[in-house]
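Enquirer: Dock chains B, C, D, E and F against chain A, hints included.
Chains as they are written, first to last, in my numbering: chain A, 2 to 325; chain B, 2 to 325; chain C, 2 to 325; chain D, 2 to 325; chain E, 2 to 325; chain F, 2 to 325.
Derived by calculation from the structure, the hints in this document are not laboratory data.
Wrong hints could be hidden among the right ones.
When chains are identical, the list treats them as one kind, so a pair holds in a single copy or across two.
Subject to a maximum C-alpha distance of 25 Å in a straight line, what follows is the list of computed SDA-like cross-link-like pairs (lysine to any residue) [stated by the list, open to error]:
1) LYS17 with PHE310
2) LYS200 with LEU98
3) LYS257 with THR95
4) LYS89 with GLU205
5) LYS52 with PHE319
6) LYS257 with LEU98
7) LYS89 with LEU325
8) LYS206 with GLY122
9) LYS190 with MET97
10) LYS257 with ASN96
Protein chains: 6
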Amino acid sequence: MEINNISFFPWEERPKGCNDVMWRYSKNPIIGRYDIPNSNSIFNSAVVPFKAGYAGVFRSDNKAVQMNLYVGFSKNGTDWEINPEPIKMKPGNTNMLDSEYKYDPRVTFIEDRYWLTWCNGYHGPTIGIAYTFDFVDFYQCENAFLPFNRNGVLFPEKINNKYAMLSRPSDNGHTPFGDVFISFSPDMKYWGEHRCVMKVAPFEKSAWQCTKIGAGTVPFRTEQGWLMFYHGVINTCRGYRYSMGAAILDLENPEKVLYRTQPYLLAPNEIYELTGDVPNVVFPCAAIVKNNKVTVYYGAADTVVALAFGYLNEIIEFVMNNSL
Amino acid sequence: MEINNISFFPWEERPKGCNDVMWRYSKNPIIGRYDIPNSNSIFNSAVVPFKAGYAGVFRSDNKAVQMNLYVGFSKNGTDWEINPEPIKMKPGNTNMLDSEYKYDPRVTFIEDRYWLTWCNGYHGPTIGIAYTFDFVDFYQCENAFLPFNRNGVLFPEKINNKYAMLSRPSDNGHTPFGDVFISFSPDMKYWGEHRCVMKVAPFEKSAWQCTKIGAGTVPFRTEQGWLMFYHGVINTCRGYRYSMGAAILDLENPEKVLYRTQPYLLAPNEIYELTGDVPNVVFPCAAIVKNNKVTVYYGAADTVVALAFGYLNEIIEFVMNNSL
Amino acid sequence: MEINNISFFPWEERPKGCNDVMWRYSKNPIIGRYDIPNSNSIFNSAVVPFKAGYAGVFRSDNKAVQMNLYVGFSKNGTDWEINPEPIKMKPGNTNMLDSEYKYDPRVTFIEDRYWLTWCNGYHGPTIGIAYTFDFVDFYQCENAFLPFNRNGVLFPEKINNKYAMLSRPSDNGHTPFGDVFISFSPDMKYWGEHRCVMKVAPFEKSAWQCTKIGAGTVPFRTEQGWLMFYHGVINTCRGYRYSMGAAILDLENPEKVLYRTQPYLLAPNEIYELTGDVPNVVFPCAAIVKNNKVTVYYGAADTVVALAFGYLNEIIEFVMNNSL
Amino acid sequence: MEINNISFFPWEERPKGCNDVMWRYSKNPIIGRYDIPNSNSIFNSAVVPFKAGYAGVFRSDNKAVQMNLYVGFSKNGTDWEINPEPIKMKPGNTNMLDSEYKYDPRVTFIEDRYWLTWCNGYHGPTIGIAYTFDFVDFYQCENAFLPFNRNGVLFPEKINNKYAMLSRPSDNGHTPFGDVFISFSPDMKYWGEHRCVMKVAPFEKSAWQCTKIGAGTVPFRTEQGWLMFYHGVINTCRGYRYSMGAAILDLENPEKVLYRTQPYLLAPNEIYELTGDVPNVVFPCAAIVKNNKVTVYYGAADTVVALAFGYLNEIIEFVMNNSL
Amino acid sequence: MEINNISFFPWEERPKGCNDVMWRYSKNPIIGRYDIPNSNSIFNSAVVPFKAGYAGVFRSDNKAVQMNLYVGFSKNGTDWEINPEPIKMKPGNTNMLDSEYKYDPRVTFIEDRYWLTWCNGYHGPTIGIAYTFDFVDFYQCENAFLPFNRNGVLFPEKINNKYAMLSRPSDNGHTPFGDVFISFSPDMKYWGEHRCVMKVAPFEKSAWQCTKIGAGTVPFRTEQGWLMFYHGVINTCRGYRYSMGAAILDLENPEKVLYRTQPYLLAPNEIYELTGDVPNVVFPCAAIVKNNKVTVYYGAADTVVALAFGYLNEIIEFVMNNSL
Amino acid sequence: MEINNISFFPWEERPKGCNDVMWRYSKNPIIGRYDIPNSNSIFNSAVVPFKAGYAGVFRSDNKAVQMNLYVGFSKNGTDWEINPEPIKMKPGNTNMLDSEYKYDPRVTFIEDRYWLTWCNGYHGPTIGIAYTFDFVDFYQCENAFLPFNRNGVLFPEKINNKYAMLSRPSDNGHTPFGDVFISFSPDMKYWGEHRCVMKVAPFEKSAWQCTKIGAGTVPFRTEQGWLMFYHGVINTCRGYRYSMGAAILDLENPEKVLYRTQPYLLAPNEIYELTGDVPNVVFPCAAIVKNNKVTVYYGAADTVVALAFGYLNEIIEFVMNNSL
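Next up, chain A with everything else stripped away, as it sits in the complex:
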């Protein structure tokens, strides 16, 4: 999401000797697993510019390992005040606020308000939707889909006058498959026109994304198309490994993938990515952009929140030149 001018932008230059398109923040993780009282972990969280700083919706599992969403605010994007009480929803276009668990939020601003989507437990995982104007009051809407679904990510604009959402049909467990679809809605209540957007890659072409893929950050409008960071998963003999790539979708027909990274952009390598509740996970949930600088918020090892950086033009060039 493009940052307004007055905000401080969280950023660090590419380290000497680094030739990668994207690099990590030297002070990662920016949020520790115990930074909320009684928390077990804080990760896979969404950040947007808000007022003169930033607001965020954070996934935190408490020490009972109950998954819930929390609001936080920050002036600089790296130091956060997180409300220790989970978000309590109010009725939006529905009275059904049932939720067995909430996790993996994404946030985007559309027209006049911030929209929050997340994985919502209703007889299995599906996509929950809510909106807020102020990150204080959240109004819940109808779940977008029937279970089982995860990784619902809204586009930051209506497309052809309809809301558009990426998502990944799933199963009720660890889901050993998964492709990205798009759906449309005139009103954030009823959804349809479901199309397959992108599927897992062949093992021999791009094994890091051969088991499942899922939308990650809210797509960002560029001249070349919607830029979206996504995660890809390979199933090793020790379980799943999550890495980050990027795709560029057609601006008007976003079900059309124009480019998509064959190499990953970021894969687990640091100790906070290699150890934790779920080792070897890099899971992007939000990206902010300012003056050609891109900062990605990603969950590491299902335990903490970390940052990665890159230059927008370089990323786009890389995606276009290294497309699957």
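Expert: Just chains B, C, D, E and F now, kept in the frame of chain A:
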């Protein structure tokens, strides 16, 4: 579906000595597996009264075991002329007619036309929708849901001014789980307000429906509520066994189950149910009703079409008195 | 169990041309699946001589597919009157009568009463125990073991002054493994001294019993040892197939197998064994003996009860000459 | 295999009203499961013309369900005398005659002798090879491959001066996958030049062969290419179903598939195919040809041997016109 | 186990800034994986006060990864001398000393001797029992149960004049399920009166203990009931994660759970818990108590032994206030 | 492979206090995961003495996680120059150079050239073969076997005038089983005379190698027999753990195992073995020997290359004295 007066109604009285609520047609199966040229099987098919007789949409797998839908007509409901060419869809509210396979149709009349739903292959199974006025031209609409879904069954009326559909979220394989949900649509294009309707039964209470359940016949309005025949599945050490039960749903809030059979109404016992491409399957897809008589069309052993009969008042009484 | 002199003994001579050690009753099945009102199936049942005839405890699943035990009486061992009400237990040496389900009974007379064992659902399958003097009042005792266990079969005498029971440790599902153990009890309340008795056979030596085996009939004292019919299972690409063999255990150290059939004695071949709720199942639960004649009661296809016959001396000779 | 002129040829004309390319023998099965003393089943067996009649190698599982090979002879191809003693191998080009089990034989004549291949148990299934001049003495050769492999079928001629064998790499269990490969040998001892010949079909195009396929009968030279009947498998919710198709391979480059049936030629439908030790299996192992008549020997339900017939020109035409 | 007055008690105060109920020893692990010659790992071990210091029974896997039990002694509870020879059992109330492997010991003093229980390999895992007076001679008793069972933990007193043992019925592999049961014995030879004590928690309420749970430390008598630390397991997409909670059982009816932690008390976070032979394991096996101080010995990452501390009153208060 | 005299030999003495037969290089890993541009990992690689130094063939997965082979050269065996372009094969005794992926190389010199074997993707993993004289031009030969196979390792001499190769039949996934076989070839084109060499160990005897084993380094001729380092795998509840052992095979009949380590020689313990793309992997691929010193190159955590050292006489003595 209630039959008009002039139609012949397929029916046979309860056999002597039979105390069951429902019983089989003595001439079952009414449609053999090879009754379409090049067919491997004809089963799980839908029938509605049409003009002075009946029209049907039939699932037939050809000898390449490709699954498709075929139209048939009958004067008496038991003898059928089936068009050997599969239905070819025309654009309804969509131009996307992609379909890897089509199976398990249901048909109902709403307002001014016949609506057809089926399991439609689009990157996995989902619910296809089409309408026809004449069983000659079929107009395909947007798939109701993202994959993976099966057993989409429309209510025969709008409820609260919206179309209503039962369905069963699934996976991409043989799906070892499955509960029935309801969804609503203002326009047969966008769907939402998803609610869980009924779940599998506990093993110790009603094992025949402890693995998965799915909507079967189009719900039929009665004073006591929507009467629907459904299938339940138990996973034996030789695979799945499908039986038939019935539920009564609240007329105004059909997500509310008023009654639901703890005992099954029909379970595999005849040789055409116990042997075939998938032994031990009884799978109801359509029910027609006239003057308190109910005739259910069900697929047997994933191979042939068969009939079962019962008196409406007795069935309702049984469901109410033997509710889970 | 040895039959007293006045009883009619169910028997049919070996058919002409048959060279098998054991053969089937020409009027099989002797009990049909619907022979109890509301029953779905009657199978895997136990029979003992009682008064001038026979008493039996029958497994019947009702049409809700709830598994329970029923009492029946017969004068000739083939025609049965079965009480349509399931057995209701009274407290024996326990007040805990909890049972989620009851199935696969065996019955034996020890000292002064008839002991009934069965697979009892208590947070998973385990072995239930009860006794009766008259097949009217049944007194339930403590479950013999922790879950998960099935096929608990008592010896008809105390051995070294202790009750002895064969059983098969299992899991909570269809259990793809299983060996036979023996346990001892001074009082039918506490059990111990668990020993492994016999294990599955190597695939290349006796594939019909390579997946799991389980005690079948109550062991019968012979000069050569305890003769017991048991079931063996092979896992085919269409699921389990159950066949019947026999073993001879040492009279004083019954954990010691003296002989055990490498070939089966009976395997599914008749239509009532090849089709039904679980095709390809032959499951022996009781054997009665009189004047060198042996009659085995076995469940067929998890659906009906059938009989097989043989001469005791021939069976023993066969087991000894064809031992694994 | 082409039949010499003096032989009686097993044949029955197409039944009235039958429009299928291939049809069954009205007296099927020609060999019953108990036709060898102590046999449990006789199926998946190979037949070749021999002297003035026919010789065969039969798979029979005995009542211990040990799998072995037996020799038989017949004057007319339908009535068989089978030697009740399994084949005992003598050393051919190897002294290693180890075999945990032997099953699914195929036989072909090359140059001066009959070659037998079968699934040979050596630390898992692999392809055993032996030759005989007289069906009395069999000389075993080195196993063709490392485990795990099944369905090894030799071509009836050397191709480019090398022996050629089709086979299907497998696993050690029920193998839920399987494609057909070809390998070559200069000497029946060392094998190489492995090439993939044909793979399973996409589910939506030809579901009966979407799980695995395997070579069936010895390829028969025709003008259009090598005609081979093969089996295809679909995994239903009740396990595998085996059907029969045919392929035509290039005469000089037999790794090249010219045509291959999209529809099956024969799928389980008769009671001896639908019930038995493994229901719903049609498994072709041998074909004999004379004057445009083709007779296929196939195993039914892993229990018995049956025959199917067709006209060679019609079969070839069908394969060419209905190719996947 | 309450410590006598003269012993040194292993203890470290709560670190500054720590608000957790329990905290780790700063010098963890106290025993390294190679601290026994030829050992691969030392973990999941039991400690009791003994004479003026402590005795322990240690699980160590040697470099062949054979699991066995070893005796050790310590004056202060943190520095240990471990006998490099595994314990060799002598006959107690049984002569059957067969054991394929021994692991996960617990020790408690009852009346006049120390009782050792462990997971004993006898045709699968079950609960081994032995006693010792001096930690030199160990006398083995009959296995408590049939396989498959793990985590057998004795109460430190007879209850209603019977020995009482917690255990967890299991399967023969990694066991993806598991609830805690209690059994009673008059004589440490025969066991019965099996009752279910506590089951896994619902995923949405307490996911860290939603897959399986098992008794950990010997229950400690408090006014509020038996305090027991136990482990809970969640199955992540990278395998199991073991955490520690606590329960309070009714003093007289210990099958009754009075309180049980919804949040965990300790979950893997330190590098010696997050890496090792089995990462992400915290597995409590023993607790010692003195003057309101509690020290828990737990295995970390199936590799080393570590300590955690807490105040008894605070732990009890926490369990009561945060009960599931 | 024995080193010529002029080469520098990579070596480090046994650390003080270390009593293990083999020990690690203090500067491990010698090759980092990013040491090739765009690499994700470099591991499981083969090294041989070449000219005055060493040549190596390296497995590197690039950032698309495509697996390929790369050539490198080193003067001292620890500092490497790796060509960033993968090896491009030329036709050797085949024109079929198809390869979906290449990984896990081994290299050995036989007679006049260096032979390279690797896991080659051709419709599944099989063993690729190539030769080179100069590590510049590589000539590919026919794949040795049908899929599915891995860990093909050539002997450094012909045995009985034939090439000999160890390999491990596998499946197409993570292969939860695996034994080592040997095959022979007169010409590096056709292979046969397959024999089972060694199988997994019983869990209770040597659990680190109870799930699967695979040949590791090229066997090295010693007086006692062929010394080969191999890997063994145990399946933990967090996935596979790979350790290293050694075996001594008979010089003339290498299918005969003379000795084989019951304890492992090296198992994952260092942070570069415990964390990475696949934690807990020690995977030996090459060994060089000079003057009684042995240096093993092994892949660590499927991420980097590391070294281990030992004295030849000590290793042989250890294998002989600690044989399974």
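Enquirer: Given identical chains, is LYS89 near GLU205, meaning Cα to Cα at most 25 Å, within a copy, between copies, both, or neither?
Expert: between (46 Å within a copy, 17 Å between copies)
Enquirer: Given a CA cutoff of 25 Å, do LYS17 and PHE310 count as a within-copy pair, a between-copy pair, both, or neither?
Expert: within (14 Å within a copy, 35 Å between copies)
Enquirer: Between the shortest in-copy and the shortest cross-copy C-alpha distance, which are at most 25 Å for LYS52 and PHE319: within, between, both, or neither?
Expert: neither (32 Å within a copy, 41 Å between copies)
Enquirer: Please sort LYS257 with THR95 into within, between, both or neither, judging by C-alpha distance up to 25 Å.
Expert: between (32 Å within a copy, 17 Å between copies)
Enquirer: How would you label the pair LYS89, LEU325 (within, between, both, or neither) given a Cα cut-off of 25 Å?
Expert: The answer is between: 21 Å across copies meets 25 Å, while 42 Å in one copy does not.
Enquirer: Within a copy, between copies, both or neither: where do LYS200 and LEU98 come within 25 Å Cα-Cα?
Expert: The answer is between: 20 Å across copies meets 25 Å, while 32 Å in one copy does not.
Enquirer: My question is about LYS190 and MET97: at a cut-off of 25 Å on alpha-carbon distance, are they close within one copy, between copies, both, or neither?
Expert: Both ways: LYS190 and MET97 sit 12 Å apart in one copy and 23 Å across, limit 25 Å.
Enquirer: As a check of your reading, is LYS257 near LEU98 (CA-CA no more than 25 Å) within one copy, between copies, both or neither?
Expert: between (34 Å within a copy, 17 Å between copies)
Enquirer: Between LYS206 and GLY122, at a C-alpha cutoff of 25 Å, which is it: within one copy, between copies, both, or neither?
Expert: Between copies only: 12 Å across, 35 Å inside.
Enquirer: State whether the alpha carbon distance between LYS257 and ASN96 is at most 25 Å within one copy, between copies, both, or neither.
Expert: Cα proximity of LYS257 and ASN96: across copies only (16 Å, versus 35 Å in one copy).
When the structure is compared with the earlier hints, a violation turns up for hint 5 alone.
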